[in-house]
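Enquirer: Each chain is listed here by its residues.
Number of protein chains: 4
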Amino acid sequence: MIVPLNKLKNFNDPVYGFISISCSLVYDIIAHPYFQRLRRISQLGLSNYVYPGAQHTRFQHMIGAMSLMQQAIETLEQKGISITTPEKEAVLAAILLHDIGHGPFSHTLENILIKNLEHEKISLALMHLMNQDLDGRLDLCIEIFTNRYRKSFLHQLVSSQLDMDRLDYLRRDSFYSGVQEGVVGQDRIIKMLNVHEDELVVDEKGIYSIEKFLIARRLMYWQVYLHKTVVAAESILIKAVERAYELSAKGEQLFATPAFSYFLTQQPTAANFFLTPTGSTNAPAGINAYTQLDDNDVMASVKVWCHHPDKILSDLCLMIRDRLLPKIEFSNVPFEESKIKALQAKVALSKNIPLASTSYYVYTDSIRNRAYNLDSLNIKILYKNGELIDITRASDQYNIEALAKPVTKYFLCYPKNVIFTH
Amino acid sequence: MIVPLNKLKNFNDPVYGFISISCSLVYDIIAHPYFQRLRRISQLGLSNYVYPGAQHTRFQHMIGAMSLMQQAIETLEQKGISITTPEKEAVLAAILLHDIGHGPFSHTLENILIKNLEHEKISLALMHLMNQDLDGRLDLCIEIFTNRYRKSFLHQLVSSQLDMDRLDYLRRDSFYSGVQEGVVGQDRIIKMLNVHEDELVVDEKGIYSIEKFLIARRLMYWQVYLHKTVVAAESILIKAVERAYELSAKGEQLFATPAFSYFLTQQPTAANFFLTPTGSTNAPAGINAYTQLDDNDVMASVKVWCHHPDKILSDLCLMIRDRLLPKIEFSNVPFEESKIKALQAKVALSKNIPLASTSYYVYTDSIRNRAYNLDSLNIKILYKNGELIDITRASDQYNIEALAKPVTKYFLCYPKNVIFTH
Amino acid sequence: MIVPLNKLKNFNDPVYGFISISCSLVYDIIAHPYFQRLRRISQLGLSNYVYPGAQHTRFQHMIGAMSLMQQAIETLEQKGISITTPEKEAVLAAILLHDIGHGPFSHTLENILIKNLEHEKISLALMHLMNQDLDGRLDLCIEIFTNRYRKSFLHQLVSSQLDMDRLDYLRRDSFYSGVQEGVVGQDRIIKMLNVHEDELVVDEKGIYSIEKFLIARRLMYWQVYLHKTVVAAESILIKAVERAYELSAKGEQLFATPAFSYFLTQQPTAANFFLTPTGSTNAPAGINAYTQLDDNDVMASVKVWCHHPDKILSDLCLMIRDRLLPKIEFSNVPFEESKIKALQAKVALSKNIPLASTSYYVYTDSIRNRAYNLDSLNIKILYKNGELIDITRASDQYNIEALAKPVTKYFLCYPKNVIFTH
Amino acid sequence: MIVPLNKLKNFNDPVYGFISISCSLVYDIIAHPYFQRLRRISQLGLSNYVYPGAQHTRFQHMIGAMSLMQQAIETLEQKGISITTPEKEAVLAAILLHDIGHGPFSHTLENILIKNLEHEKISLALMHLMNQDLDGRLDLCIEIFTNRYRKSFLHQLVSSQLDMDRLDYLRRDSFYSGVQEGVVGQDRIIKMLNVHEDELVVDEKGIYSIEKFLIARRLMYWQVYLHKTVVAAESILIKAVERAYELSAKGEQLFATPAFSYFLTQQPTAANFFLTPTGSTNAPAGINAYTQLDDNDVMASVKVWCHHPDKILSDLCLMIRDRLLPKIEFSNVPFEESKIKALQAKVALSKNIPLASTSYYVYTDSIRNRAYNLDSLNIKILYKNGELIDITRASDQYNIEALAKPVTKYFLCYPKNVIFTH
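If you read the sequences in order, they're chains W, S, U and Y. To get the working numbering, take the position in the first sequence, counting from 1, and add 1368. To get the working numbering, take the position in the second sequence, counting from 1, and add 1368. To get the working numbering, take the position in the third sequence, counting from 1, and add 1368. To get the working numbering, take the position in the fourth sequence, counting from 1, and add 1368.
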């Protein structure tokens, strides 16, 4: 086991002030190289192309969520909910590790580097590997994470519609982006948490704060996470990686760090990622490469590709490096095929590339968000008289159901200099 | 000339709120690839190893300093100081560009990547190159930057003991590190600025704020910039690059991005960096490589070197990647040679390496700071009666001269597991 | 005319930082005793009984709203809207003075001290009186305030569903109460303001911020302004003043400051308040007394009345002084007459007072709020294509109409120690 | 005993967020009328005449200091210092009550209303009275407050050069005044507290924060507490009360609330204040009047006196009511007698008053501050090697002794319209 040399006991967090590490398991998780890797993964992908302050990392978010978990535990204990010391340590571990599986630029390249593989599955695989390093001290953490533990509220604190993950990211992303719309009274919400028959619920007095939380979340989606220019920037990064994968599949040698090369040449899928046989190491080769990969590998390679002879690849990479973003349109209905075709034809002509390749420049897709998910585990309000009512019905002043309606937006990207007549 | 596709008019800054771009020259500078590169250079080197929030970039700092410059111009104009439109644009350009010459991790690798070459000289060279791209629109900016312009206060706003650079970085570094000690009333200080015979001065009412500013600066040095653990982390990064240079000089092939490879193989010096002959490009090859280099190149390479057969290199790189920092001691006097030698002997034994190589593990150096420089251009207080007095004599309550005394600290780093008997 | 001796040029506002006074009309208004009186009137009545930080005054709010008006003017001018210097001064004066008619504890005693007279009418009367002192320099201000000026947007900046008054009070009340739910990105909203055919409109990009603003306003109503305990505290203050009026009408002598005595003995109404004939002064006697009245008069008197022989009056006053608040219930439907009668009967018995007097202890009333008023001047969104759409229809993601539905709540107060069986 | 009807469990503090009440003793103290009175006493006298935001009350400060005490207890316990539950409750009570003896406008009228009687003595008297109401539950609190308890560090947390009182007021006064110079990292300082042989000490790592704290305190004195205009405003209030005492002593009837009348007519002194015999109540008549007195009594009376026939009294009161402050000069040496005499002669002439009365308009006095008191209990730094060193010698970089030098300033006030030739 690695023994860290400079023991950090407190973190100085610009958002919450001092955060203390409360137990050695937490300490050992943070010291683990898998966790230290999160220092090199930006929390919000390329959102900093619009909000330059949004440079914070997954590392900070995980520490912040852990700090909120400490507060939540304290609140529940004050309300008489019994939580044992092993449970406390496990739920702190679970919140620290629930996103350990994120790759470069967090959500941006999810499902791209490894087709159809979501980060939650990688998180679980990494937890199992870390559990070996930590001699089984993550057993209960994994039980909670996978929702197989009796006290469901512990899982719900880690992953639900009102978990410590969401409370932290809204507050933190709001802080760093400078978008005040997302400021949430997370300390007030935490004070309102309660447990009823092993389920996480919210005291009656917290109803306005919950409403505000759901609304803030929706606003942050459209104003930050799915901001038009952020969507444009991230779509270009996706296109660049897709082009590199395409060239690599054709046998072309591309500059990349060894870890990134593994993905370009092997192009693993959800089906085979965890199966990759391995000789000398504990972890499969894929996992091994993945845990060495971070923003630096991708950005360093993208910058080199700016000089690649493939015009499409170098174009896309220059657009990322120098922030030369495409035009993007949003619409509530899908874009007409004819409009897309017309744009692609123009690009084929102006760039002198085959029509088939124009989809790197002209493309459409959709994004979707809903603030509150009626199908998923609902937020329940606990009334003083003992009644338990879903937030959508508990609020007599406001139509929370409106927030449950998913919103889909279609977007269309194309080079700005392509003149288009409506 | 590059034409940016998505015109940003406002920045949402977490520190100051909205920042508006006020003229097209500022817009064009920000859009330039040399300036966009600053998005990929962290403001505070490895300070985030101690203060995880300190992830902000040179880009943000430059935009922030420009915003303070806008306020300073407004204040001076309200006090009847005449500043022409070209002067305004030039001084905004100068503050944006004064640090454009910073390399990866800002100050950390300064004088290391290119021996004895300070970033200010590179800044000036880059300004001249950008001036070509911008058809001479930076002429006046360069005059101001090099202090050859008649109205000295414009230069002093860019570079002096009370410039917009310092005002922004204290506030910003304090904000992101979460160290409240550095919070400075920058808006109050700016309101107190004035001009007397073309020199920047401070109105009498601002005297306490200036004192506070000098004190805050000193505190930030010792608590953030020269924090023990930050010094330890950055010294390891320096050692790693030095080891890579040494191996490369011996002809060893090291993985690196092309831009970083240029430095490893050419090892340019202050003497030859700008001379490098060039064929087809505007910029010399060295400058060309330099402007493509950022934190990503260094960190991506360091991570690969963790697996390098050279034990010393891989050791140092692992220490950076996984935050396994050495022990560091501070002292007001130089460390005794005998103590150092004894530690090196132990390391030679325990690591089984030649004594000559132990200086990668056991080393001493000094750091030095003074909050106020008596030799440099002093801060002058302008009294209502027209008198002009140096801040060190103006404050009747406090001994500012104490702040002018440089403080030197010696540090000694060595592996933590080397047992040492005092 | 009064000449102030210490000229304040800047205010240090905890919410916005430095606020500068930009013209001598603004300076002269602030220096006027009618305006200085606002220093002694709390912005939020008795909200500090729940939120101890909410001690801010009308004075601060007016200065803050003026500061936002300065920003709004600047933004509109940058967008090419022409606003002359006299118009600027007038609209700044109008926002400063629009609430000058508030009495002790702001809204709490409105319509109580003077039956059915709203503060807006008193504001206008005071403006006319100040206009005499200021030699007619408020003529245009009054035109704008009364919406008789051609450029309607100036009036709308002062008084509409998106005026500088609301923007400031939401932000400020949120700041001082510590209720983060009300934090509004007021600088962003102001940047989005525009003018279309002399009407104030909002640029398309501002739509989410407007939604957030409406939602924040609703949340602040229920969480601060109409917080159960605040409603209880303020209702007791109202009851105490009503009891004092009742006793005074019966000829009883009550301790009070002369200004407050005027109201107790004259009990002016909307009908006769402005008519009161006057001999030697400019202002009618009622106005004269009113402008000398503030929180101190009421609170000093209430404290003395704690020792008054009338048990009801002393009871109510003690409840205010020592924060011994009654029980309060909220309901969406009116409380049943029988429940009220039963409570009153119990109180008559336990306090040994006639049934008719129990309405000082047991009473019901209703409060009502809607975040957005469909009947009033609507907020219009200006699309890039020139279309103008009401916010309720402009937002495709959210049902703003829900916010337009007025919410009425009924409340019932009664002494806590009255045992009541449901 | 009074039973509060609406039990508050949490305070929403704009400075620290949620503050919880942790025990019933704290609850009962806060509910006591003596403590509720602090809601009506402004923390910073007339500082709001310069900093309009500084409207916060003693009540808020006491709650804030209690919240810091909770943190300090928690930190010390984590370091292994044993603190029993009764000790915890007692030290929380002591910090809540240590300033309970403050009168109207806090320090402003101290030693004026009751000659030469400091608020600490009144605090102790009130604690003893409250202890009767609370059935002796304040015994240990009083022992700690009077420093007769064995564990001295408990007293030092309440009253020393680094107590929770100072930590809170610097932070809070800085927050509300908007003067960022006073922002202190109070959470960091608290984390650095330790106990060595029953004395409160500071861990080595906290040395910079302590320096900053001392400096911030000095800056807050000169920028807020002893700001020229604040000194001028408060001196006028003192003069007005002195004039009222003088008139009252001559037998003149002045309007005042009964509680204030007691002081005007009895003019108690330190010698007789506590002796005042009493018949039917627990508290002496003086104490009885004192605990009914707050800002409202004084300000309500001052406003009435604006119309008093005594020209001097009405002049002074108008100056307060309408913020018509005198001119004030500061000097490091006493003002020359001849200058003062000359000014008084002019005032006698222009106001047509006897020379003896001019001291109400022209007067000089001195104010004095030192940031660190070498004579008082010193701040000790605890080194890792167990050494204990005074902060003045512990800091090798800075001359803390300079902060220990008391600074005396002389001021001279006179009406602005008195022309004076230097």
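Careful, some of the hints might be misleading.
If chains are identical, the list can't say which one is meant, so a pair holds when it fits in one copy or spans any two.
Claimed, not checked - As a list, the in silico DSBU-like pairs of lysine-lysine whose alpha-carbon atoms are at most 35 angstroms apart:
(1) K1618 to K1456
(2) K1519 to K1777
(3) K1714 to K1483
(4) K1719 to K1377
(5) K1777 to K1752
(6) K1377 to K1784
(7) K1618 to K1773
(8) K1377 to K1679
(9) K1377 to K1456
(10) K1618 to K1377
(11) K1719 to K1679
(12) K1748 to K1596
(13) K1519 to K1784
(14) K1714 to K1573
(15) K1773 to K1695
Hints are computed from structural coordinates only; laboratory data are not their basis.
Enquirer: Against each hint, give a clear statement of whether it holds in the structure.
Expert: Checked hints:
When the C-alpha separation of K1618 and K1456 is checked against a cutoff of 35 angstroms, the pair qualifies neither within a copy, at 51 angstroms, nor between copies, at 54 angstroms. Proximity of K1519 to K1777 under the C-alpha cut-off of 35 angstroms is found in neither arrangement, the shortest distances being 38 angstroms within a copy and 38 angstroms between copies. Within a single copy, K1714 and K1483 get their C-alpha atoms as close as 31 angstroms, which meets the 35 angstroms cut-off; across copies the closest is 51 angstroms, which misses it. Proximity of K1719 to K1377 under the C-alpha cut-off of 35 angstroms is restricted to the inter-copy arrangement: shortest distance 29 angstroms between copies versus 56 angstroms within a copy.
Within a single copy, K1777 and K1752 get their C-alpha atoms only as close as 41 angstroms, which misses the 35 angstroms cut-off; across copies the closest is 19 angstroms, which meets it. Taking the shortest alpha-carbon separations for K1377 and K1784, only the inter-copy value of 17 angstroms comes in at or below 35 angstroms, while the best intra-copy value is 51 angstroms. In the homo-oligomer, the alpha carbons of K1618 and K1773 never lie at most 35 angstroms apart, since the shortest distance is 43 angstroms inside one protomer and 62 angstroms across protomers. For the identical chains of this complex, K1377 and K1679 are inter-copy neighbours only, at 30 angstroms across copies versus 50 angstroms inside a copy, given an alpha-carbon limit of 35 angstroms.
Within a single copy, K1377 and K1456 get their C-alpha atoms as close as 18 angstroms, and across copies as close as 25 angstroms, so both meet the 35 angstroms cut-off. Neither within a single protomer nor between protomers do K1618 and K1377 lie at most 35 angstroms apart by alpha-carbon distance, with minima of 50 angstroms and 42 angstroms respectively. In this homomeric assembly, K1719 and K1679 come within 35 angstroms of each other (Cα to Cα) only inside a single copy, at 9 angstroms, whereas the closest approach across copies is 49 angstroms. For the homomeric pair K1748 and K1596, the shortest alpha-carbon distances inside one copy (34 angstroms) and between copies (23 angstroms) are both at most 35 angstroms.
Taking the shortest Cα distances, K1519 and K1784 never come within 35 angstroms of each other, neither inside one copy (54 angstroms) nor across copies (38 angstroms). Taking identical chains as interchangeable, the C-alpha atoms of K1714 and K1573 lie at most 35 angstroms apart only when they sit on different chains, with a minimum of 30 angstroms there against 59 angstroms within one chain. For the identical chains of this complex, K1773 and K1695 are intra-copy neighbours only, at 28 angstroms inside a copy versus 39 angstroms across copies, given an alpha-carbon limit of 35 angstroms.
The structure fails hints 1, 2, 7, 10, 13 (numbered hints given earlier, in ascending order).
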